[in-house]
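So the sequence lines, in the order shown, correspond to chains V and B. Using my numbering, the letters of the first sequence correspond one by one to residues -18 to 373. Using my numbering, the letters of the second sequence correspond one by one to residues -18 to 373.
Don't take each hint at face value.
Said to hold, decoys possible - Taking lysine to any residue pairs in the SDA-like style, the calculated list, with each CA pair at most 25 Å apart, reads:
id, chain 1, residue 1, chain 2, residue 2
1, B, Lys(-16), V, Val181
2, V, Lys(-3), B, Leu11
3, V, Lys165, V, Val181
4, B, Lys330, V, Glu6
As the list claims (entries may be wrong) - Negatives, chain B to chain V, calculated, CB over 10 Å:
id, residue
5, Asn(-14)
6, Leu(-1)
7, Glu6
8, Asp84
9, Phe117
10, Asp154
11, His177
12, Pro218
13, Arg252
14, Ala283
15, Asp288
16, Thr304
17, Ala345
18, Gln353
Read the hints as simulated data drawn from the structure, not as lab findings. Even glycine gets a Cβ: it sits at the ideal position worked out from N, Cα and C.
There are 2 protein chains.
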Amino acid sequence: MSKPNFEQTLEDILEKNLPQEELAEVKRLLYGRELDFLFLPKWNGNQDLDVQGYDMGGSITEELRPPRIVRVGLIQHSIVLPTTEPLKKQRNALHLKIQKYVDYAATCGVNLLCLQEAWAMPFAFCTREKYPWCEFAEDAENGPTVILMSELAQRHGMVIICPILERDSANGDTLWNTSVVIEKDGTVIGKHRKNHIPRVGDFNESTYYMEGNTGHPVFETSFGRVAINICYGRHHPQNWMMFGLNGAEIVFNPSATTSHTSEPLWSIEARNAAIANSYYTCAINRVGTEQFPNEFTSGDGAPAHHDFGHFYGSSYITAPDGTRTPGLSRSKDGLLVCELDLNLCRQMKDFWCLRMTQRLDLYARELNEYVQNNLIPQQKHMKQQEKDSKKQ
Amino acid sequence: MSKPNFEQTLEDILEKNLPQEELAEVKRLLYGRELDFLFLPKWNGNQDLDVQGYDMGGSITEELRPPRIVRVGLIQHSIVLPTTEPLKKQRNALHLKIQKYVDYAATCGVNLLCLQEAWAMPFAFCTREKYPWCEFAEDAENGPTVILMSELAQRHGMVIICPILERDSANGDTLWNTSVVIEKDGTVIGKHRKNHIPRVGDFNESTYYMEGNTGHPVFETSFGRVAINICYGRHHPQNWMMFGLNGAEIVFNPSATTSHTSEPLWSIEARNAAIANSYYTCAINRVGTEQFPNEFTSGDGAPAHHDFGHFYGSSYITAPDGTRTPGLSRSKDGLLVCELDLNLCRQMKDFWCLRMTQRLDLYARELNEYVQNNLIPQQKHMKQQEKDSKKQ
């Protein structure tokens, strides 16, 4: 198997090779409705940044309710310095780079911005080493990364979702994988802790932190009701579901995932969640290959090595009708800007009726029985079924 | 918007236009692992049948458990006669055509076969007319379609999933949308009734039948533990989930869905379910455009018309690791044959740990609270969250 060329996205390959008419049909099948581009100011920074802007469209103009238009921005990026540099230098370099991206996102009119998982550090959980990496953890209200983002949120009047490695000093110095929600006035209005923790491939995150204890909060912000399904939680449809039941209109999925582990699944899960729950989903993945000083093994029989594999970016947004944007670059930092009408969420509930036909009482009952009985599976034959249905 | 050319599948367009290396990468991104072809005997019937065979692979050879290899077959097809013909002629013509396909599937070594939703009739629910269409409904044990399939199951030693419109004469002549499970000795071992009924576009099925009362049964057959998620149920992740919790290794999704309504979503939902539940999913869609004698409207402001739109086939199978087959034809009848190792289900549970990290107790509790309270959404701020987490 030859190594993938991450310089090209799927969309690049299709656009380069397909005749116009067939390209249009392939895009319809793969992405849904055709999207208009947004006109965005030019990026003038030094960094090679993939900037893409789309108008998601798809909503109708209602007579009795005005449109609720917001601009969402997603930032994906690589680390800046080698992981062997002093931690403070590593973090400062990331802060500096991302600050420029946030300032630029503001010029693009972004109201609601989300960064990638644990964005102010390398994704060091592959190493299984506690130090120095645990030092990157910081307080969810007063840590340096949240303070920086709080300043930027206030400066730009922007809601920012800031995923960090959290140090919970008030509770036994516990670590959590957390996303902090900052209002446009700079106030931290809440946080969510990652609900599902992976033990797959080099994702040894259960070595560092436990399953979150914040449930499924939805945050009423100045720009819509938002929730955060962190990384591996995207494989869990119930996680997406509960955010939907709690009223989310946009669910962000800040992630860090590698090509070998998940790239063929990446386009499926966040998009399925948007369809099933009639809300917008925003999937963000980190970029690049991170090298670590000490070698480690991956439990797959291969020799010890120093890197986690390639984080393939490809961040994208899906509308409640299942239409999605192309993905950002697979190798470069990027900013994806999307103009959305939040009214489309309720319009899709009216159209597809998925909430109305969801039969939650049935699932609450069956799931409870399943959990309480430690599973007596429903595996039975017709005669038994008929007895049951006559009882009802 | 130009009308799609249903003669070409997505895969046709990609294979025709992409250079070899880029084609391989596009296929990896869109489908996962590369699949080997199965060698199948030639189809000699008159009907133009799209026959495709794949070895799904992906499993490892375990030391303490032998492989559990089965061949699954999916049949997609159009109706035979115009809907204006006498009902008995219409049904007989379908019986005759499908019987030939089943006989051929047997020569391909198929152990476990599934047909499309309500396969022995036109999908007349767009009309909202009760007669003559309700006459197609038949008994789940003694109806002519089940009797035919029972004979074929016995003749070929094949398990057959036979979706019908069910007439429940013993219970007030109720109609259900049902799939009957027939063992390889011809015995009807059970049935499942469609759990989620659409009210979208021309899918006026709630005019004809109600939400099923059979829960989420999994059928222990000679060729693995199977369940059936009928059509619109594929939009409901909880439906897929409960079949998984009840032990399903293969979940069939017999469907009837049209291009305009769902084609860009088709590749997402059944595939997502395979990933999330570590089982095989088999999505089957009917083929062709069905004309009805009386005109009807679609609630979309368009003029009255006589057809439901184009059923686009595209049946496909997904493995528990997310790898999927190409789709069958978008315009022709087809048989998809896949050789699977059922052991891959448990292997993927061990690899991804999605069952282990599922936190069902959390969801049972939250879902129950949601249903009992008629929703008090979890929308709160940090101070409240901290109070809650200290309580735990």
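For a C-alpha distance cap of 25 Å, please report whether Lys330 of chain B and Glu6 of chain V respect it. The hint is violated at about 36 Å.
Asp84 of chain B clear of chain V by more than 10 Å, beta carbon to beta carbon? Given that every Cβ of chain V is farther than 10 Å from that of Asp84 of chain B, nearest at about 26 Å, it holds.
Take a quick look at Ala345 of chain B and tell me if its Cβ sits farther than 10 Å from every Cβ on chain V, holds or violated. Since the minimum Cβ distance to chain V is about 4 Å, Ala345 of chain B lies within 10 Å and the statement is violated.
With a cut-off of 25 Å on the C-alpha distance, tell me whether Lys(-3) of chain V and Leu11 of chain B pass. 17 Å, holds
Would you mind confirming whether the straight-line C-alpha gap from Lys(-16) of chain B to Val181 of chain V stays at or under 25 Å? 44 Å, violated
Mind verifying the non-interface call on Phe117 of chain B? Its CB should be farther than 10 Å from each CB in chain V. 21 Å, holds
Would the non-interface assignment of His177 of chain B survive a Cβ cutoff of 10 Å against chain V? The claim breaks: His177 of chain B does not keep its Cβ more than 10 Å from every Cβ of chain V (closest is about 5 Å).
Checking the smallest CB distance to chain V, is Leu(-1) of chain B really beyond 10 Å? 5 Å, violated
Claimed clearance of chain V by Glu6 of chain B, with the beta carbon kept past 10 Å: At about 6 Å from chain V, Glu6 of chain B fails to clear the 10 Å cut-off, so the statement is violated.
Does the no-contact call for Thr304 of chain B survive, Cβ to all of chain V over 10 Å? 7 Å, violated
Is the Cβ of Ala283 of chain B more than 10 Å away from each Cβ in chain V? 15 Å, holds
If I take the minimum Cβ distance from Gln353 of chain B to any residue of chain V, is it greater than 10 Å? Non-interface label fails for Gln353 of chain B: nearest chain V Cβ at 8 Å, not farther than 10 Å.
Consistency note: the structure conflicts with the earlier hints numbered 1, 3, 4, 5, 6, 7, 11, 12, 13, 16, 17 and 18.
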